[in-house]
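Model the placement of chains Y and F on the given structure of chain A, informed by the hints.
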Amino acid sequence: MYCNCKRFYAIALSATTLAYVAAVVAQEPTTPWQRDASPGLTALASAAEEGRYAFVFFWKENDEPTQQMRGVFQSAMKDLASSADAVSVSVIDPQEAATVKVFGVDRAPLPLVAAVAPNGAVTKAWPLKFTAQQLSEGIVSRGTAECLKAMQEKKLTLLCVRNAGTAYNPAASTAVAGFRADERFADATTVVEIDPTDSSEQNFLASLKVNPKTANAVTILLSPAGQPIAQFAGAITTNQLVDKVTSAQAGCCPGGQCGPGGCCPGGKCGPTK
Amino acid sequence: MLRMKNVSKNYMLRKQPVAGLADASIDIPKGDFVSLVGPSGSGKSTLLLMLRGMLSPTSGQVTLDGHSLYERSTNGRAKLRQQYIGFVFQTFNLVPYLTALENVQVPLFLAGVATASQRERAEALLQRVGLGDRMDHKPSELSVGQQQRVALARMLANDPAVILADEPTGNLDPETANQVIQFFEEFNAEGRTIVMVTHDPRAAERAKRMVRLVEGRLVGETVSPKKLNVA
Amino acid sequence: MNLRTLVWRELFERKSQMLTITVGILLGITTVIAIRNITHYSEKAVARELDSLGANVLILPKSVSLQDYYAADMHEEVIPEEYVMRLTMSDLQGVDNLSPKLCVPVELEGRNYSLTGILPKSEFQAKAAWAGAGIFSRPIGCGALELGDEPVEEDKKTLVRKRVIKDLAANEILIGADIAAVQRLQEGSQVSLLGESFSVVAVLPETGTVDDSRIFAHLHTVQRLTGKGEVVNCIEVVGCCKEIATGLVAGVNKLLPDAKVVTVKQVVDTQISVNRMMERLSQIFVAIIIVVGGAGIANYMFANVSERRREIGTLMALGAESSLIQRIFLAKALLLGLVGGIGGFVIGTLLAVTLGPKLAGVTVLPMPMLSVWAIAISVGIALLASYIPARRAAMLDPVATFREI
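Heads up: the sequence lines are chains A, Y and F, in that order.
According to the numbering used here, the first sequence is numbered sequentially starting from 1.
According to the numbering used here, the second sequence is numbered sequentially starting from 1.
According to the numbering used here, the third sequence is numbered sequentially starting from 1.
Isolated chain A, as found in the complex (with noise of 0.2 Å):
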């Protein structure tokens, strides 16, 4: 599962499409490190420069169970050389003291190996335990990535699922227009365009259910938890989405509370806010 995000690109860019291609793209820095602010860093905005990913391992102290899973780590690593570079941080070293804090690892669990998008996505970490395969699976599709790096921004992402094929496109990006108009979801909504037809992006696609074979354009708001909010296919205007984004914002158990009678103990809802 390569990230193949040049060549699609060039599949992605339909006329249709190209307002919010151009967001996409500006929201994709050449590098989200500050490159000289430590080592770590530094190996960071390299990899990100490279379009590559970077697998961090850190530690702490060299005791027996961080040389154990440094072991693993590294020979997973060169199974994934091709795409990935290893970035090694000691979480007590002052050198680091960027890293750590960028990341916020400082009470993590220990050892601790997050892998890094290009984008700079953390698209999974992996605490005390591990194993080879399991850090194969950091590596994730692009669209995948454009996501967690909204979710970690605390975003509202508007995935948009299309291709010069489908149907309803226009419509769907008026939608999308009119809803990042809105003043009050501008600010923290990100939008993501995937292409149905994508093999990379057929294991995201499946995980959110949706049919890579679809006829229609399809819309898919995920909150910033990660959770999916609503999904359309098809046509759709900008208030369907701001209803359902205000409906979930005004739920009936805020903050998922949920007591020992269930949802909303006693059948009264709290103040929602």
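Honestly, the hints are just simulated from the structure, not real lab data.
One or more hints might be untrue.
Under the rule of at most 35 Å between Cα atoms (straight-line distance), these lysine-lysine pairs were calculated in the DSBU-like manner [unchecked claim]:
#1 LYS254/F <-> LYS154/A
#2 LYS5/Y <-> LYS79/Y
#3 LYS44/F <-> LYS60/A
#4 LYS260/F <-> LYS166/F
#5 LYS254/F <-> LYS129/A
#6 LYS254/F <-> LYS62/F
This is chains Y and F only, laid out in the frame that chain A set:
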């Protein structure tokens, strides 16, 4: 006033044979003062109980002012007792937790007299027996003689036509006994009929007549010489 | 002279007997009233807490036994703080929110409070996405959408209910309603705790729980000031109902084998079962009162009747009907029952009101309805137990009463 006709009684109390009566007949007219004498176990107390309506005869009839006592219910007899009979006990039987005044009030309360009149009458009666200054004393704070006088006042509460007394002087010294008998004479003079069981010959002699009982039989009657003189 | 004087005077004639039997009834009723009263308010408190519970799963050190959800973090045992990240980075489904806590006692103006370190959501939320692509297949319907655009103050006030806040600076504290009232603090006040100065950023709304006496500060600040290291006493988890039902707890247990994972339902069930036990205890007490108290009264009454044979005989000789004799004894029983019932209610209520907060941790108020119940039980027992002795008195043969003496 009081009449017994061929009364017999044989009974056991707590598995002990009690002195009964055998074919006893006696007629006590209104205003009479009879003393009932005889050895222990001769049936004196049995006779007295029967006159009070508290012990039914095996056979024969007891009448009080023409009412046949034992043809009535227990409660009916209690009513009759209340109306006609005053009783004096050898042991006084005052209620220990009530004052002299309250003890006298008890029969008035039982007869349904209003509280205010109860008090008034009880006070008058205690004055009469010379205990005007002892009204609020409990029995334990009174001398034996005083206690018997409270009992006399209580006995008079419902203005009884008949007074029945069981050894009223039995627990008293001669002087107080004399005092009690004097009261009896007074009551008799008021027209009350008195039947008194006694062991004390001096007390017995002061009755109008003296009836002797032996083994449940009325064996003789002496008319008091003193009373004869008076009559 | 009337029935009342007759009964009243007799009662005081035998003071010690009367006192013994009255105290007997009184103590029984007192106990039952106190238990019932406390149980009632304790149940109400559980119901109220059920309504306002924020978290539903608690992660605790293995050795901690748990009685009270709100005091879950009031113990000395600790678990490593890294458990928080193990949870956020796991692919467990249904963890909506987390709140690690470290609780230490602090003194403020001569009073003791609980300083509770909490970790704002901003410090671990992003890690949730580190769980990888698997999170996109999580179910819909747990937790409301948050866009991070709510006003900050409002967010902080919801701490007690939602158990989590978004941001908290190292020198900021939130204080419970009780502390604010007692210490006259408000938003913007400066407070010195453990040698450092903090500013109050919010006064939390009153909850009626121990949360009202808490000071909330940043977890890492509390760790630093107390030197406890990177540990917490407890992690509160807001889980999604469906997932709790389908094995979230087992999942957390597997992930954190060295911790104890309990659902708040278990905690509440414990409380409810304690209440049930108290309820049953009070029923047993009622039964004991009925049997022992009743037997005591009956025994006392029988003794009383036999002691007063002569007096009864006298009254009968003076013309008292048997029904009056019976009434004298029943009136006495009624009086004892009333005193026991009313006294038991008053003392029991006083006990419940004063001891309730200490024993059950709830505010207990008097329950007037219980007085009816207390008097009914007490008088009922007294009358029932006295009925046969009273009848026996009424049936006494006055002749026999005198013969014996």
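Hint check results:
1. LYS254/F <-> LYS154/A: 29 Å, holds
2. LYS5/Y <-> LYS79/Y: 22 Å, holds
3. LYS44/F <-> LYS60/A: Judged against 35 Å, a Cα distance of about 50 Å means the pair is violated.
4. LYS260/F <-> LYS166/F: 26 Å, holds
5. LYS254/F <-> LYS129/A: Cα-Cα ~14 Å, so holds.
6. LYS254/F <-> LYS62/F: 14 Å, holds
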